[in-house]
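Produce the entire structure from the sequences given, and follow the hints as far as they go.
There are 2 protein chains.
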Amino acid sequence: MAGRKERIEMGDGAGGELMRRMLSRTVLPNIRETAFGDLGDGLHPDLLDDSASVGDDLAFTIDGHTIWPLEFPGGDIGGLSIFGTVNDLAVVGAKPRAIALSMVLEEGLDLQLLERISRSIGSAAKKADVTVVTGDTKVVEKGGVKGMVIATAGIGWRHELLSPCLERSWDMRLVSGKVGRRPRWLRDDSVMPGDHIILSGHIGDHGISVLSFREGYGFETEVRSDVAPMNRLIEEAMRAGGIVASKDLTRGGLAGGLNEWASKSRCDLLIDETLLPVREPVRSACDMLGLDPYEIGNEGKVIISVVDGFEDEVLRAVRSLEEGKEAVIIGQAVKGSGKVVLRTEVGGKRFMDPPYGDPVPRIC
Amino acid sequence: MAGRKERIEMGDGAGGELMRRMLSRTVLPNIRETAFGDLGDGLHPDLLDDSASVGDDLAFTIDGHTIWPLEFPGGDIGGLSIFGTVNDLAVVGAKPRAIALSMVLEEGLDLQLLERISRSIGSAAKKADVTVVTGDTKVVEKGGVKGMVIATAGIGWRHELLSPCLERSWDMRLVSGKVGRRPRWLRDDSVMPGDHIILSGHIGDHGISVLSFREGYGFETEVRSDVAPMNRLIEEAMRAGGIVASKDLTRGGLAGGLNEWASKSRCDLLIDETLLPVREPVRSACDMLGLDPYEIGNEGKVIISVVDGFEDEVLRAVRSLEEGKEAVIIGQAVKGSGKVVLRTEVGGKRFMDPPYGDPVPRIC
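Here the protein sequences come in this chain order: A and B. Positions 0 to 363 (numbering that gives the first Met the number 0) are the ones given, in order, by the first sequence. Positions 0 to 363 (numbering that gives the first Met the number 0) are the ones given, in order, by the second sequence.
Hints listed in this document are in silico derivations from the structure and should not be mistaken for laboratory results. Each hint can be trusted.
Derived pair list, reagent style DMTMM-like, types lysine to aspartate or glutamate, alpha-carbon separation capped at 25 Å:
{"#": "1", "chain 1": "A", "residue 1": "K141", "chain 2": "A", "residue 2": "E70"}
{"#": "2", "chain 1": "B", "residue 1": "K145", "chain 2": "A", "residue 2": "D109"}
{"#": "3", "chain 1": "B", "residue 1": "K145", "chain 2": "A", "residue 2": "E140"}
{"#": "4", "chain 1": "A", "residue 1": "K126", "chain 2": "A", "residue 2": "E114"}
{"#": "5", "chain 1": "A", "residue 1": "K141", "chain 2": "B", "residue 2": "E5"}
{"#": "6", "chain 1": "B", "residue 1": "K141", "chain 2": "A", "residue 2": "E70"}
{"#": "7", "chain 1": "B", "residue 1": "K125", "chain 2": "A", "residue 2": "E32"}
{"#": "8", "chain 1": "B", "residue 1": "K4", "chain 2": "A", "residue 2": "E106"}
Predicted model, so just to flag it, every value in this text is computed and none were measured.
Okay, here's the thing in structure tokens:
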């Protein structure tokens with residue numbers, strides 16, 4: 000008879016089912032009273048979206064970064080921390096504005112490495128059009144952290160393109176006879192049957208690249224991290240109109256993102272496995288290591304839910320950008336109970352389950 | 000001949016002179032272009048105040064917390080992280096509104112400890128009247144962090160009492176013939192000759208309590224951490240009117256806070272040492288350990304700069320609260336070059352230098 004778990008396990012921070020359980024048992028109920036029933040039209044904390052809204056027009060988010068090694072093929076912890084926070088704001092429909100940066104450094108850290116990472120933070124902020132306005136630095140004795148831990152918080156204002164975009168979406172739904180909640184942001188629970196799901200590019204690159212580099216598997220010569228800001232891409236998608244939700248696929252990967260949508264939106268997502276873009280070396284690495292590419296973390300990929308009738312226009316807009324040029328429509332939402340269903344290559348169907356624990360730790 | 004430093008030292012995160020140098024050489028110039036000349040009337044990032052302003056009315060701040068042990072006499076890392084961020088917002092004249100919480104947990108962490116700390120976060124948020132609206136959790140392997148690292152970011156709106164308070168202050172300065180910048184927030188550079196300096200209570204309790212508990216010196220039976228929210232106290236001070244700056248005395252202690260004011264405001268602060276409240280056990284511990292009580296960190300003490308003529312009213316307001324009942328006026332700003340000058344017990348004078356390194360690491 001298994002007793003109650005007594006200690007934190009690696010999987011408790013993996014963005015999957017284990018983490019959801021740990022947070023909902025040990026942390027969340029103690030931190031604040033949860034709302035019962037109506038969560039309003041904002042980004043209520045209980046929604047556990049990528050950002051929360053404060054007041055009508057402000058989005059607020061935070062992310063801790065523990066990636067190891069600190070530098071990897073295609074990026075480093077500095078750029079990652081900026082883009083990760085920018086993306087969490089962008090995917091809810093906010094225009095990222097300012098970043099607050101906390102660094103906890105390990106005694107003995109190479110100052111030149113810190114300088115390179117600082118430069119990477121600076122150029123990432125410039126690229127994503129945000130400013131690091133405030134920060135905090137602590138140093139802990141050797142072994143107190145591994146190299147450094149960065150936490151980045153971000154704020155952004157409701158994007159000017161968001162309202163027109165949502166209005167067009169909901170007008171279209173009225174035409175098609177669908178009704179439902181009318182949130183003011185791009186929320187995980189806004190997907191409805193009939194919506195098309197767009198994936199912005201190849202999945203698994205970031206996780207496999209970092210893992211391979213760290214463990215010396217050799218795949219990193221062919222696969223680099225995809226770490227990139229997604230705000231321009233979401234902006235172009237909003238400009239095309241008709242999008243109701245978007246989500247960046249970090250911890251938990253595609254399987255994590257899609258399952259969050261399905262369970263929060265209470266519909267099924269029918270995904271065509273033959274359409275899922277996975278690079279050959281990522282597939283080989285996953286085969287060799289017994290990993291599921293759909294559960295591997297990314298740092299520059301999003302899924303977008305588009306109301307029926309707008310999908311071609313949004314796909315065109317996304318593909319017009321370098322970071323979205325390999326975007327594809329991978330499936331559609333249908334009535335259901337909150338599952339992700341894969342139509343397999345041989346014509347069968349199977350569930351794409353939410354990740355349970357952590358396939359690849361410390362990649363974000 | 001000493002070469003250029005190559006590695007991070009403990010003192011680089013101590014809030015003193017070493018940290019200022021490391022940040023200004025290695026980090027800040029790489030993260031963003033610094034403003035030259037006029038820094039405006041907001042909380043510009045280059046001011047390195049406790050919070051930065053974004054737009055006209057929003058204050059934004061972040062703090063990383065690495066205190067060890069995680070629980071200590073009078074508090075724990077959870078409450079500390081909430082109050083620390085609340086205080087950074089309150090001291091610039093903002094009304095703390097929402098908190099974002101990042102936790103990096105060590106594999107194997109006791110879940111009951113995490114539950115206690117979560118409860119402490121919840122009750123601290125309630126006490127300080129803020130909501131934890133968003134968060135992020137990561138788990139790292141044993142040794143990746145020591146127990147946990149928490150980063151808390153906070154946002155707050157410009158307090159409704161701030162404008163009337165600043166107007167009264169500047170009116171009084173006009174009367175007394177003083178002119179100067181007219182910032183819209185409580186800023187470190189707003190102190191002017193003639194201002195009175197109020198200290199809200201005994202100093203050194205937090206640092207000595209944690210240090211003593213950690214090392215087993217035994218002083219913790221008499222001294223407990225002072226960790227507390229300061230927003231109500233600042234609010235009451237603003238209501239009394241005439242305050243132009245306030246600052247919480249964390250890393251670097253009283254010496255750190257006063258020296259930041261003096262150098263940023265370009266005036267001298269003349270402090271009467273006989274008026275500085277230090278509890279007997281804190282003084283004994285400092286004597287025994289060779290520490291300077293003025294450099295020891297606090298988590299529930301502020302200094303307030305009050306325009307001449309308002310000092311009694313503000314002191315009365317501050318003393319009306321439990322957390323300020325031992326407040327005293329400790330000195331006054333005078334014309335000078337940015338030094339803190341102590342009038343000693345025997346009638347002499349000496350500089351109170353800014354802290355250089357870290358007298359007591361990992362207490363915040």
